[in-house]
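**Student:** Residues per chain, in single letters:
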Amino acid sequence: MAYLNINSIKERTFDAIVIGSGMSGGWAAKELTDNGLKTLVLERGRDVKHIKDYPTANMYPFEFEHRGELPLAVKKENPVVGRCYAFGESTAHFFVKDKEHPYIQEKEFDWIRAYQVGGRSLLWARQTQRWSDFDFSGPARDGFAVDWPIRYADIAPWYSHVEKFAGIAGNKDGLQELPDGEFLPGFPLNAVEDYFKKQVSEKFKGRHIISGRCAHLSRPEPVHLEQGRGQCLSRTLCNRGCPLGGYYSSNSSTLPWAAKSGHLTLRPFSVVHSILYDEQKGRASGVRVIDANTKEETEYYAKIIFVNAGSVNTNLVLLNSVSGRFPAGLGNDNGLLGKYVAFHNYSATISAEFDGLKEFTTDGRRPTGGYVPRFRNVFKQETDFLRGYAAGFSAHRGLDRDTGGFGTELKENILNPQLGPWRVGSHMMAETIPKESNYVSLDPDRKDAWGIPQLRISVAYDDNDEKMRKDYLAQFEEMFAAAGFTNIQPRNKPMAPGLDIHEMGGVRMGKDPKTSLLNKWNQFHACKNVFVTDGACMTSTSTQNPSLTYMAITARAANYAAEELKKRNL
Amino acid sequence: MKRRTAIRQLVVVAGGLALLPSCLSGPGNAAIKLSNIILSGEQEKTLAEIAGTIIPATDTPGAKELGVHLFVLKMLDDCYEKDAQQKFIKGLGQADQVAKERFGASFTKCKPEQRQELISDIENKASLPAEIFDFYQIMKQKTLQGYLSSEYVMTKQLIYEMAPGRYNGYFPVKAS
Ligand SMILES: Cc1cc2nc3c(=O)[nH]c(=O)nc-3n(C[C@H](O)[C@H](O)[C@H](O)COP(=O)(O)OP(=O)(O)OC[C@H]3O[C@@H](n4cnc5c(N)ncnc54)[C@H](O)[C@@H]3O)c2cc1C
Ligand code: SF4
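Protein chains in written order, with my numbering: chain A, 1 to 570; chain B, 571 to 746.
By construction, these hints were calculated from the structure, which means they are not laboratory data.
Even for Gly, the Cβ is constructed at its ideal location relative to N, Cα and C.
Mixed in with the good hints, there may be bad ones.
Claimed, not checked - Derived EDC-like pairs: lysine to aspartate or glutamate, alpha-carbon spacing no greater than 20 Å straight-line:
#	chain 1	residue 1	chain 2	residue 2
1	A	K75	B	E671
2	A	K295	A	D448
3	A	K435	A	D463
4	B	K744	A	E359
5	B	K695	A	E65
6	B	K726	A	E77
7	A	K197	A	E359
8	A	K10	A	E299
9	A	K76	B	E651
10	B	K726	A	E412
11	B	K652	A	E77
12	A	K511	A	E436
13	B	K603	A	E65
14	A	K75	B	D691
15	A	K467	A	D142
Unchecked claim - A few chain A residues facing chain B, derived, Cβ under 8 Å:
#	residue
16	F62
17	L233
18	F360
19	T362
20	G364
21	R365
22	I414
23	G420
Unchecked claim - Taking beta-carbon pairs under 7 Å as the criterion, some of the chain B residues facing chain A (in silico):
#	residue
24	I607
25	I625
26	G735
Go ahead and model the full structure; you've got the sequences and the hints to work with.
**Tutor:** Printed below as a string of structure tokens:
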């Protein structure tokens, strides 16, 4: 018996465990296995194999029973995920449905989740802008949260490392506030976007319009072909899964790469309940896993553990990891675990029309659009709100169809649509300030189907967010008017936090163990062999889409962890 | 077993829906499986004729030939509130009733000119029972959607490209 048990423990022992196989977990898996570490990736959802498990990827619009729309019953059952723009007939199978995984909204919070191998990396909009030092030094300069323990120079080589492997299309724009990276050819702006770019740079000093950098293989390099990925053909059906591997997802890129190394064990249907803490050795020893289907409990052991369950879920796992040493959750000596959660404010849009450049239209499709880097309070504080916002900006010419009447004339009209005017649109993406009052915690009574406490979420906007929303609309109205756009329509777009899908924080990095949970290498100050490298580690939120930064931080921490292991420091 | 395969071979694909021609689905029933609304085979034929009046066959197939009325039914059945569904069915009945009163024949038996006259009246908001307009609004909107996104139109008329592989932001507009 004892002998069998030893064998069984050995089978369940690895060099490293990664919790979660999404955007950041995929990178942890790749970097750790590249370093020769025997790595176990635990994923609560089902397996999704690249290409094979993309059932809708090659379907034509007319092959969808409801032409992309979801039946009313599905919408009614899913008020939360139903608000996500990407949740539709072609993608619903990749999203968590409301009923499957309940949580408690102390304040309204749209928690958008994807539980499967690859997590939300299958579904993302693939926008990948770097942070700059104006972002990393933000909290220190403006006196909120705590100082980041790292600066741009610490992460820059890791941005490069990730960009080269994932493949990022973009242009060298030479902007201090949005550093250039290792780019494949960028996707072009169109006539009206270029026109607006020129108008803005002439009339508004320091404001720029660029082509949004995105994780697409505009021209694959050998390293991408080696991953089995090919050129992006501008299908823009990406969130169904791309059969060409044209965009970066864990499924198309890092996970199969890690598997090829021979060091990876990927275990779907493995719900991590908690991290085990060895009181004698003073370190984490492994994780407790509940089989998603059988509910059977198993323990796995490793020297190091990477927590990449996706910001809010990472908080949940850590809060649930209680021990004699850490009665309030792993590494939580200062009581700050779960606090200082923040997000991005997307609560306004603006649209207009343009009467010029009628000699042009667009042809084909492109998987990105224009991007307006943050221009407010960058070099110095200049408004009555803290921080700023970036924005999307795109122009297109739609088709106008005369749908009046009926019969042969109607048929003729709809089969011969006329080019409409140029229409332009923008949406805001604002930084929010992490606050202690924005937190997640465990419900003392309610548990999920796996016996894990349900999460309570209490996150809200504040006055600063409101001021920024107004400023965004005012500034864009002014810029649109200056460019000669007409029919300008500023719109408030009230939405609960969470729907931005950029939730961050709760396990923030910092210099001081009294005021932060993780050090500059993403190790718990108080439990050095556990690393948190997804959005939960973020000290502040910046304005840029965050996933590129999660990936770079993950790659950096994983290589540090591997080195420390080699040096026997861990 | 033989019968099943025979039936399967008869399944046609219209507007993306696999469906059985109504003759196979038993008397009085609609040709597609509906879960929320009940419709007779006769009503379904009326819908087909209305769809065909909105978008008629010319030298290319119209909405009826493409089975677009079945797409309308599918959408009505799955994507609309009960209230809208009831008004739709009621309005459909009323439209047929108007046809009978005016032309002495149900819509399916009316001459094309008579059908056009009735649809024209609805389009022009003539004084007719209110539900006719509720019905027609959904009917027309979904007929247009179903037609434009039908396999025929997307592969033969307004070609949908799955993988264009290009983006030109300065595509010249041909002077017309
Ligand atoms: C529609 C949409 C558009 C987006 N657009 C962009 C964009 O343009 N740019 C950008 O930067 N970001 C974008 N995002 C956000 C981006 O997808 C996330 O930031 C990113 O996926 C987060 O990576 P992650 O590894 O932290 O979490 P995820 O990718 O969510 O992966 C977490 C994984 O952990 C698993 N897991 C959770 N709990 C447990 C547990 N207890 N045990 C085991 N496994 C567990 C989950 O099942 C999941 O697979 C978008 C997201 C969506 C949905
Ligand atoms: S746009 Fe590119 S990545 Fe997206 S589905 Fe198309 S080919 Fe694939």
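**Student:** Measure nothing beyond the straight line between the CA atoms of K76/A and E651/B; if it is 20 Å or shorter, mark the hint as holding.
**Tutor:** holds (11 Å)
**Student:** K75/A and E671/B were given as a pair; does the straight-line alpha-carbon distance stay at or below 20 Å?
**Tutor:** violated (41 Å)
**Student:** Is the shortest C-beta separation between F360/A and chain B less than 8 Å?
**Tutor:** Status holds, d = 5 Å.
**Student:** Holds or violated: K726/B and E412/A, Cα atoms, limit 20 Å.
**Tutor:** The hint holds at about 15 Å.
**Student:** Would you check the hint for K295/A and D448/A, treating anything up to 20 Å between C-alpha atoms as holding?
**Tutor:** Between K295/A and D448/A the Cα gap is close to 12 Å, so the pair holds against 20 Å.
**Student:** Regarding the pair K435/A and D463/A, is the alpha-carbon distance no greater than 20 Å?
**Tutor:** holds (13 Å)
**Student:** Within a Cα-Cα threshold of 20 Å, do K10/A and E299/A meet the stated pairing?
**Tutor:** holds (11 Å)
**Student:** Can the hint on R365/A be confirmed by a CB-to-CB distance to chain B that is less than 8 Å?
**Tutor:** Where the cut-off is 8 Å and the nearest Cβ of chain B is about 5 Å from R365/A, the hint holds.
**Student:** Would the stated hint for G735/B survive a check requiring a Cβ distance to chain A of less than 7 Å?
**Tutor:** Holds, because the Cβ-Cβ distance from G735/B to chain A comes to roughly 4 Å (cut-off 7 Å).
**Student:** Verify the interface restraint on L233/A: the C-beta must sit less than 8 Å from at least one C-beta of chain B.
**Tutor:** holds (4 Å)
**Student:** Min Cβ distance, T362/A to chain B: is it shorter than 8 Å?
**Tutor:** holds (5 Å)
**Student:** Taking only the CA atoms, is the gap from K652/B to E77/A under or equal to 20 Å?
**Tutor:** This hinted pair holds, its Cα atoms lying about 16 Å apart.
In terms of the numbered hints stated before, the structure departs from hints 1, 5, 6, 14, 23, 24, listed from lowest to highest.
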